[in-house]
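Visitor: Quick mapping for you: the protein sequence lines, in order, are chains A and B.
Here the first sequence is numbered in my numbering, starting from 1 and rising by one per residue.
Here the second sequence is numbered in my numbering, starting from 1 and rising by one per residue.
Hint data in this document are derived by calculation from the structure and do not stem from the laboratory.
Small disclaimer: the values here were computed from a predicted structure and weren't measured.
For every residue, glycine included, the Cβ atom is placed at its ideal position computed from N, Cα and C.
Some hints here could point you the wrong way.
With the C-beta cut set under 10 angstroms, the calculated list includes, among others, these residues of chain A facing chain B [said to hold, decoys possible]:
(1) 154
(2) 156
(3) 197
(4) 201
(5) 207
(6) 209
(7) 212
(8) 214
(9) 265
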Amino acid sequence: MRHLRTASAALIGGGTGTVFALLAAIFIAVAFINPGFFEWPSLMAFLKQAAPLVILAAGQYFVIVSGNFDLSVGALVGAQVVIAAKLIDGEESRTLPVLGVMLLFGLGVGLVNGLITTALKVQSFITTLGMMLVLYGAIRLWTGGAPTGSLSEAFRGPGRRGIEGVPLIGEIPWAVLIMLGAGAAAIWLMRTRFGRILVATGDNDLAAELSGARTGTVRTVAFVFSGLSATVAGLLIGGYAGVSAQVGEGMEFTVITAVVLGGVVLGGGRGSVVAAMAGALTLEALFTLFNQMFLPASIRPSVQGAIIIAAVAYAAWRRTRRPVAATATVNADPS
Amino acid sequence: MSPSPVLAMRGIDKAFLGVPVLRSVDLDIEPGEVHALVGENGAGKSTLMKILAGVHTADAGTIELHGRAVSFTHPLQAQHAGIATVFQEFNLLPELSVAENLHLGREPRRRGLIDRRAMAERTAELLADLGVDDLAPAAKAGTLSVPRRQIVEIARAMSQGADLICMDEPTAALADAEVELLYRLVERLRDKGVSVLYVSHRLREIFDLCDRITVLKDGERVATVDTPDITPDELVTAMVGRRIEAVFPEPLPGTETGEVRLRVEGGGNAHVDGIDLEVRAGEIVGLAGLQGSGRTEVAEAVFGITPFTRGTVAVDGAPKRITGPRKAIAAGLALVTEDRKAQGLALNQSVKANARMVLDANARVHSRERLARIDGVLSGLDLVSQGGDQEVQYLSGGNQQKVVVAKWLAAEPGVIVLDEPTRGIDVGAKHKLYSAIRSLAAEGLAVLLITSELIEVIGLADRIVVLHDGRIAGELPAGATEQQVMAYATGRSPA
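Produce the entire structure from the sequences given, and follow the hints as far as they go.
Guide: Structure (structure tokens):
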């Protein structure tokens, strides 16, 4: 009885289990409307499209679970694509050096976000909102409004192509492999001492600090991972969709929606990275379902907004009904 | 006594979450009387005062002001009824002037606008009335010294027509010369027929200033006496008085005190000064003192949270500069903090995650062997949980505390500082912790035990160091009495 209760609570209780139940439900609905969805090519096409969001969700998870936000990822994805197009400018030979530049830029943006938030004690919401505007503005200034240049074929490969001719299944897109690799790395990271201290910091940074944790450092590193995830996502999106001025716009909200849909609590200390990535898949599956039901794409922002509000409201409600053992302060010394 | 006291409280009961804090307390205050309210930490003084101030509401009992029954559910109601309270934390707006603070919400107006000249004049009158002639009405409150802010608070209470002013430890933050100023102020209030309820730990002030004394103990009124009828020694005895004898485990056989593991010489910072401490292997040193005496501040200085700025610290004979928790941990120190929920635990995380937090956070103490021993440490403390994956928020207070202790023991420290380790936990868990403290000492740890429970220091410590006003007031051997500890703690020498 108790196991049944905990199992059902895990599924509907808003914790990590919920998102998997939701994902299964949406997949069933999708399969019901479009039985061909689960055939290999269309499933791979779905995952290829979802890969950037899943990778961004892993990056955002690090930041959120440590008690912060990263609103600059959408702008960073856009900036990376525009930088790549402008610097490569169609020259195949420049692909690798430019990838190096993008990597440094992505890590640098994350580092700046992290240092401003932790060393200067600026709220991450404000830091990264500012970073978002700076990036948008800088890119427009640099490109004169419209992106120039073009990407090389080698650059577009990871987002577009895959390993062809695999026996029995056909093609495996590079994007899916990169997603699996990033996911495995994120899961591994969360099982290291860094991951544990990151979550403990998000839960109670004073307790972590007094236990000897370098809370500022781990939080900064989380931002750097978020910058890295935006760089990889930029590579995949640029390859998949090409260059435009709108690349990345609004992605910060999509990814935060995905992470909270995975049961990761805004404010930190709760939720798993697997669930955050599953939240991204769920959101993509939901949008696929909307397509199949011929709902207009313009419904997406409203749905995202509703999900974020619901998740935050749920977290707040949960806090108020925490067990007595956790909140009651029996003050034995009320002199 | 005059027929109508200013205040008559009868049969006041108050409990927090089922724990009784006040039991049927009576209190009478006469017009123009300075009435002291004394008692140990936890005796219920602050609670009683907060009921009077309308911050808390009594569970039972009556309050009469000038013979009329009143009941407060909000601090403003108490203010309007003529009861003003000067709390330890000040309620002035730092960016406003003295005059503006005094008239906040009641500014004199002329044709709808604030009449600044009238306000300044009234302020000057009020201050002159209190015998204060060197306080500019235009000075910003935030720039004033602590005693001057206190004067403004008291003046504000006067200007609101208060006839009873409650002061909570008014001299806690004052230097000696400033205390004199407060004395004059209180005497001036008495001359004007205003009654003062004076909560203090300091016996000297009580005997200097107060007309009568009410003693609270364990939430009950023990006595109300005229000051001339009692000696300081008798008062201390009344405060500690009888006690339910707790059972403390005997020192474990084979426990020997060895080398000095922690030595502090001349330690001082903004909160404490002249701290000389020595804790040897196998020794439990109790650090006693009243609230605000600097007990926790000493622990925080030793652990590098607010480091000593003067003096030296040595661990196992080697001098250490401990400027933060990481350095402290690397030096082999551990600190079980006073507030386990705010400072000790990540409540949403599992028992295991919390128990390995110190190992995870510090490469210098992390090792596979230590990680592997965590389960043993937890079971050695008799942790009751549904397993290592249970979130600590669902554990009882006592079991949460065991997780905190385990987190530190996992790092195998040489010195462990325990700040109020048994606060808010049940009797069974307390006893388990007492035995655990004993066995830590037997294993050769140096234990510094900070507690406001006199009975705990007396029952457990091999030596008791008593703090008063951020300094060491005296040291007592094992077997000291509560009276002796209280004497040092209240700033006197034991008889």
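Visitor: Against this structure, judge whether each hint is valid.
Guide: Results for each hint:
1. 154: This hint is violated: residue 154 of chain A lies away from chain B, its Cβ roughly 40 angstroms from the closest one there, beyond 10 angstroms.
2. 156: violated (42 angstroms)
3. 197: holds (5 angstroms)
4. 201: Since the shortest Cβ distance to chain B is 8 angstroms, the answer is holds.
5. 207: Where the cut-off is 10 angstroms and the nearest Cβ of chain B is about 6 angstroms from residue 207 of chain A, the hint holds.
6. 209: holds (7 angstroms)
7. 212: For residue 212 of chain A, the interface hint holds, since the closest Cβ of chain B sits about 4 angstroms away, which is under 10 angstroms.
8. 214: holds (7 angstroms)
9. 265: Holds, about 8 angstroms.
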